[in-house]
Each structure stands twice: as C-alpha cells, then as structure tokens.
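Peer 1: First to last, the sequence lines map onto chains L and W.
Here our numbering is used: position 57 in the first sequence is 57, and no number is missing along the way.
Start counting at 1 in the second sequence, then tack on 1000, and there's your number in our numbering.
It is worth saying that the hints were derived from the structure and are not from the lab.
Ideal placement from N, C-alpha and C gives every residue a C-beta, glycine not left out.
Now the stretches of chain L that chain W is said to cover, found in silico as 3 or more residues with beta-carbon under 8 Å:
| hint | region |
| --- | --- |
| 1 | 44-50 |
| 2 | 104-111 |
Straight line, CA to CA, 30 Å or less: simulated BS3-like cross-link-like pairs of lysine-lysine:
| hint | chain 1 | residue 1 | chain 2 | residue 2 |
| --- | --- | --- | --- | --- |
| 3 | W | Lys1064 | L | Lys3 |
| 4 | L | Lys69 | W | Lys1041 |
| 5 | W | Lys1066 | W | Lys1014 |
| 6 | W | Lys1066 | W | Lys1055 |
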Amino acid sequence: LAKTTQPISMDSYEGQEVNITCSHNNIATNDYITWYQQFPSQGPRFIIQGYKTKVTNEVASLFIPADRKSSTLSLPRVSLSDTAVYYCLVGAADESNSGYALNFGKGTSLLVTP
Amino acid sequence: GAVVSQHPSWVICKSGTSVKIECRSLDFQATTMFWYRQFPKQSLMLMATSNEGSKATYEQGVEKDKFLINHASLTLSTLTVTSAHPEDSSFYICSANINYGYTFGSGTRLTVV
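Isolated chain W, as found in the complex (with noise of 0.2 Å):
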C-alpha cells in the first residue's frame, strides 16, 4: 500500500533553534500533503496543506512564518519549527491522500528544551 516515511521520529533540540521534518511518499506521488500537530491526550489537529510548487494554507492560528512548509516535488514535503520553544514540543504528523484515502507518517516527537 501507498507509503509515508516521516524522519525524524524523534528529535530535542534547544531553544532557539530550528527543526526540520521530512514526509516522503514512498511509492506514490502526492501533490498535496498535511500537516498535523498533536499534544499529549488530545486529537489531532490540522496545522497547514502543503502544495506541491505552491505555497502551503495555513489553519487559522498557525504562524506561517515559525512554521516554514516546503513541498519542492511530488514525493516530498517538509516541515520547519524556526527558532523552536518549549510550547512547540508536540508529536507532529504529515499526511497524503491516494486514491480515496489518507495515508500517515510515523510521526515526529519533537521535544524542545
């Protein structure tokens, strides 16, 4: 079946620093792809769609500049927590849809300290 590998699958970083986070599709090409964030107990929740060659829409709420999406080609979309704080620590999710379907990454558990 279609394929998401999310890298990394955890990360900690400093404050301050950036993180970036890779969604690849494996075995398919997905022009569009989303990204969720998720904290502890609690659903997922949309933060942006990431286009391929165009810019990303951002959910209400979401700072797109601290939030840095790039889907440079048909198999890869990337996320980046800039100048990342302790509040930004959550499990990050990308997702494509093939097919009549929706597909997930792994997941990111991104922990900054």
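Bound-form chain L, shown alone (with noise of 0.2 Å):
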C-alpha cells in the first residue's frame, strides 16, 4: 500500500469548513483513496472514497487532482462532535476483496471546538 502523509493535528471553530490534505507520492494506477473516521473508544468508520476528480456525499468531499498524489478531505461547517482522528489510506479496491489487510498511518487529529 501506498505510504500517506497527513498532518498529524488540526483545530477549528464550529461551523468552519476543514480540509485535510493527504500526500501519498507513490499511488499505484489501480489505488483508490479511502478516508474513514475514529471517535476515541470506537472503531474506525468510512467517510468517503474516491479515485479522481471530486467526489461528495452527504459527510464529506474528497478533491483529488490529476497527478492523483494527494487529495483533501473536506468537511463543510463542522461541529463538535466532528471532533475525531481522521485517516488516508490508499489502496487497489479489488485487494478489499482479496484478504489485505488496511494499514493506518498516524491520522491526523481533529478539534472542533466553540
């Protein structure tokens, strides 16, 4: 799997949009980009993933450009409870499917405070 670089933490006020940048120089052809989510005490939980271009759900954005080498998460009018670690990982979709495991880096830490 690609090695990923995240900032390790970030702050913001409430209702603030937060973009997290992921670099990740070494993405393979076939690798997506995943972001998912952990509240401490809890397993990790997916946000959004997403292999070019933009990609939006109800949650997130996810901006990745042409050269595929990084891509930010965006998170629009966050709140407190948006207060989380944040993890990139990157990886061939169809090695979901084939017993690889996901391997986190550090995260990066996010504080929403009032």
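Could you use the hints to bring the two separately framed chains together as a complex?
Peer 2: Given below as structure tokens:
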C-alpha cells in the first residue's frame, strides 16, 4: 500500500470548513483513496472514497488532483461532534476482496471548539 | 450496511488470566477478518489476519501463542489473549472486508490489572 502523509493535528472552530490534505506520492494506477473517521474508543468509520477528481456524499467531499499524488478531505461547517481522528488510506479497491488488510498511518487529530 | 459486532466492549481481567474477544459479521459472510491493536494516542496496528477454516497469519512481532485467533465459521472470528499481562492492556478492533470496503467492530477495551 502507498505510504501516506497527513498533518498530525488540526484545530477548527464550529461552523468552519475543514480541509485535511493527504500526500501519497507513490500511489499506483489502480489505487483508490479512502478516508476513515475514528472517535475515541470506537472502531474506524468509513467516510468517503474516490479515485480521481471530486467525490461528494452527505458527510464530506474528497478532492483529488489530476496527478493523484495528494487528496483533500473537506468537511463543511464542522461541529463539535466532528472532533475525531481522520485517516487517509490508499490501496487497490480489489484488495479489499482479496484478504489485504488496511494499514493505518498516524492520522490527523481534528479538534473542533466552540 | 454490513455490520461487524464485537464483544465485549470492555473487559477488566487479572494478570495471568485469558480473555476472549468475539467478532461476528451480522449480515454477510467474512472469509477474512483482521485484528488490530491500538494503544492510547496511537494508530491502529495490524496484529493478524484471520482466515475461515485455516490458520491465522500474524504480523511480525505478534506472538501467535499469546494471541490465539480462531475463525471457525464465516461469521465468527475470536481473539483470545492468553496469560494476559498489564502491557496487553489496549484497544482491540476487528475488521472485515466486503464489496470493496472495510467495516470495523466497535472495539474492545482490555485492561489487565
């Protein structure tokens, strides 16, 4: 799996948009980019996945430039409950059906304050 | 969506005793499950990959005789921490993959006293 680099921590106020960027310079052609969210003492939760350009769901948006060497998770108008650790992972989609485990990096600890 | 149910959510045990953690896939069959360990303020570290009907594959540095994994059916994988010591106190999480995605259990907080 391609190695990823994220900021260790970020702070934001409620109501602001938060953008977390992940670098993955060695991403392979068939790799997807997936973001997970983890609250304390809970298992990670899938947020969003993308391959290129932009993906949006009810929770977040994922921006991927043409070279795919980085990606940005965008959380619109964060609330206190968005305080969590966010992990960026890169791997081939078909690996998820072939017994490959996810290897988590350090993640980004987001703190949202009033 | 696919759900992995993990139990117990927390457990306290005495040093030297064994603890079993269960992970069940509720609405799908999981040929493979993954077990992670997470220490405070650290990331998830893969411990082992559990395969239904065969031996688990352990990551380097993980003692297979201490962390017994059994994946006897397509819906149940168990992790038994044998002869637990305080340094085994951690947050244990299981995961399964399904349809190009991964789902995680809610985790088990193990405290060995």
